[in-house]
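K.L.:
Chain by chain, the residues run as shown.
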Amino acid sequence: MVKPSTSDQYTIAVPEGLELDRTGRLELYYFMALNRKLEERLGLLYRQNKVVGGLYSSLGQEACSVGTAYALERGDFLGPMIRNLGSLLVRGVRPTDVMAQYCARAIGPTRGKDLNVHFGWVERGLIAPISVVGALIPVMAGIALEMKMHSKKQVALTYIGDGGMSTTDFHEGMNFAGVHKLPLILIVENNLWAYSTHVSKQANVVDLAVRAESYGCYGEIVDGNNVLAMLDATRRARARCLAGEGPVMLEAKTFRRKGHAEHDDAGYVPSEQRAEWEKKDPIDAYRRFLVERRVVDSAQEIDEIDAKIVAILESAANEALSAPFPDPSIVTENVYG
Amino acid sequence: MAVTTYIDAIREGIWEEMEKDESVFILGEDVGIYGGAFKVTKGMLDKFGPMRVIDTPISESAIVGAAIGAALVGMRPVAEMQFIDFISCAFDQIVNFAAKCRYRWGAGVPIVVRGPSGGGVHGGPFHSQNPEAYFFNVPGLKIVCPSTAYDAKGLIKAAIRDPDPVLYFEHKYLYRRIKEDLPAEDFVVPIGKAILRREGEDLSIITYGAMVYKALEAAEALAQMGIDVEVLDLRSILPLDEEAILTTAKKTSKVIVLHEATLTGGPGGEVVARIAEKAFEYLDGPIVRIAPPDTPVPYSPPLEEAFLPQTKDIVEKAKKLAAY
Amino acid sequence: MVERNTMTKNARYVHVPDDETKIRMLHFMKLVREIEDRIEKKLYRQGRIVGGVYVGRGQEAISVGTAIHMEKDDVVAPSHRDMGVFLMRGVTPRRIIAQYMGRRTGLTRGRDGNMHMGDMNYNVIAFVSHLGDNVPVAAGVALAFKQRGQKQVALCYNGEGATSRGDWHEGINFASIHKLPVTFFINNNAYAYSTPIELQMAVKDVAVRAAGYGIPGEVVDGNDILAVYDSGKRAIDLARSGGGPSIVEYKTFRMTGHSAHDDAGYVPPELFDEWKRKDPITRFEKALLEEGALTQARLDEMQRECALIVDDAVEWAEQQPYPAAEEVTKDVYYEGT
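Residue numbers (my numbering), protein chains in the order written: chain A, 81 to 417; chain B, 19 to 342; chain C, -15 to 321.
Worth flagging that the hints you see were computed from the coordinates, not collected in a lab. Glycine residues also receive a C-beta, built at the ideal position from the N, C-alpha and C atoms. Careful: at least some of the hints might be erroneous.
Below, in silico cross-link-like pairs of lysine-lysine (DSS-like), each with a Cα-Cα straight-line distance of 30 Å or less [claimed, not checked]: (1) K281(A) x K60(B); (2) K333(A) x K163(C); (3) K330(B) x K130(A); (4) K296(B) x K314(C); (5) K6(C) x K25(C).
Just a few of them, taken from the derived set where beta-carbon distance is under 7 Å, the chain C residues facing chain A [what the hints assert, rightly or not]: (6) Y(-3); (7) G150; (8) V187; (9) A195; (10) P200.
Input sequences plus hints: build the corresponding full structure.
P.N.:
Take a look at the structure:
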């Protein structure tokens, strides 16, 4: 059921010149909905004590993960952060892999060695993050360096939060990328909260994109809840990188709708702020857009996509939960090559 | 006397020092409004205000660096690392600035850098580390690892009052699992002094942190088998209480060194070396080390269980040593 | 956003020193030059110095023109090319030379070498080789001042190379959020060892980065003592009055190698020629002679005075004992003194 837009409602503005066919427009919906429903399912599993370790959500930020990752092409490298599950789904990671990983099962991509999004495959262009935020930036700069060295028509893309921008690695990584004009795209997801720290205590500026100039790179502010805007901005960023213009910093204005993690009720977030951003839900807005712009013939088509997702997740959950835990004998494997 | 958990003991210790001494203050991520990720600093913002309980950006290097600067001009900062695993981001400030100021130019740096260490909570590689070995080899630093609520309170006070930089590694597994009656009056546990947790005649287990409890459990089981085990809780890793180490080694002549930091390069090697150097004639068997294998801390429960030393591992090794 | 302040007339400046202060500043600049020339060009080459030598030739105006504004209880965290700071804080040339010679009566009693010296009795924090580390430390000092409601300021000096380090970013970010009474001076001498600016950063001016922290940034001719004096006072006054931190970037040139052993063959010789013509001491002497604040006779006398001071310092220092071997383990920890 998709309620029609009212005049003061948040609507998806279509970026001028955006080329995206019907399939693409529907795929964006699919991945955002998959992102959300997968995380809802993980939340359920967490409360059933099936998820091992902490659970972090990207509720309200699906357009950032999906829109940006969708702009990438074959050969590009992605370095996701904890709230970018959606980007991994766009790049082909299966829900089963995610659930097995979060439930510490032997069939998960790290076979139980590490948790949540800390997984990757170099051969698929996916680099696993660590818990130290910012650390991925110099690493992805290094990957971009190799691309430049070998004149590859590829880019490296990674994310940082408003909190992570305070770190040494952010500064050193961006400076390095700027000096060497590396094809690195940094998506700054300014979701206003780093755990309980409001962005005003994290930085003395309102728009973090002003820091782009500090590194000699192009910076832009984007509506982080508009998946088309995120896609468009990332595509243009990619074009800049490929033209040798150096790194790009895109600041996505968005909001962290849940706590830092499942265990955090985020009582420190003013309820009016939460209510304001709920009205700008990226998926609701995009649904309205699809119907009103007649990308779909009716809301039913969207419901069918939703139903498909539910079935996929059901099957993935079954597969993940019936998988065994890893055998203790593997604990000392793969420390070295 | 009041029954106090390990975590509340830390909070009380800091709170009391802050009440006594205006120069003591806290800085770290989410320590103010949120009261800290584990609630160690709960209530402190309301009581002491935002200039003494500072919510910082994600900047471990700046957190420790600023602590150093404030300490140079007479403050007594207590810097929190949200998980001790993040202390690596401040490695440079700790080892190159804090540790060396007094030696180089006579300036004391009375800072405390504290945070939750240790595994057993499905935290995975970056929320479960025991980092004492990285700093063990840095003269100028002190390192403490309390295992009881009493020591947690006494050692945080000692650390805050110490004129030199102290790394205070609390164990997150013990936060709410350990509690005891604490005296109402002010008390301090001296840095550099170990304590016997159990007296015995046949075999010594030298350990610290959460492993103390595994050692005591093993000692109970071994008692049933007629093996009388002594358990020495180091409490301080740097400086080590060499006298206590040698005394127990000479008493029982059979020693196990146990810790949760990984085996190679862990602080246990230093303990073994000192016994071998200074109590060699007293030994009736090889010194045995028990520690996790040389891997990152794994996440999935069976892997983490295989990684962490378990009571049965200790019992088995102790039986073998006792029979040597 | 970034103001540019280039040398010309007195009338451009808010703060102009009186004649006595001008002579005083000239004296210190000349003394710095004399000490450093003696150390680098004579003593080092004669094997009478222990370890490496780093001088700030050509950059004397920067430390002198800023440190002149320090009050007794202000605290300073200099870098390695800020000899002027030490002299103006009251550290004698004797003890500085003894420091370079590794003697027991040098500032660190032989514990550390060359400019790695400090003494809280003079409110000078000893820098570490890890450039940028002093930034969070200076911020911490300023934090203490603010916590205690004191009117002191902290001053922090770094080269442009140090600004690439994460600690620089984290420290300034922290200071900006809390509006701490600390001022950050950047000695941009165009080379970090053999690394020219364009390989160090992708911005033309370090001061551009001030905007990323929401603080003022200014670019100043670092070879014009009057411009340094003016900008230094404005920035320090801002911090002292509660206006928070700022970045003042002094453009200058390193008229020597990175250290005494480096012949700087990588620097195009024309640059040395160009900047020699802008020598801060020569320029100032000429201006003072022209305006009649100084006579040639007095100038010659000042030169002789500096030479005599340094002669005395060298003679004294060479008579000083080395530290005793037993002292090696002292003062690792507090020993009650």
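K.L.:
None of the hints should be skipped; say for each whether it holds.
P.N.:
We went through each hint and held it up to the structure:
1. K281(A) x K60(B): holds (19 Å)
2. K333(A) x K163(C): Answer holds: K333(A) to K163(C) is near 25 Å, not above 30 Å.
3. K330(B) x K130(A): Holds, because 27 Å separates the two Cα atoms, which is no more than 30 Å.
4. K296(B) x K314(C): Roughly 24 Å between the alpha carbons, so the hint for K296(B) and K314(C) holds.
5. K6(C) x K25(C): This hinted pair holds, its Cα atoms lying about 28 Å apart.
6. Y(-3): violated (28 Å)
7. G150: holds (2 Å)
8. V187: Hint on V187(C): holds, closest Cβ of chain A at ~5 Å, below 7 Å.
9. A195: holds (5 Å)
10. P200: violated (12 Å)
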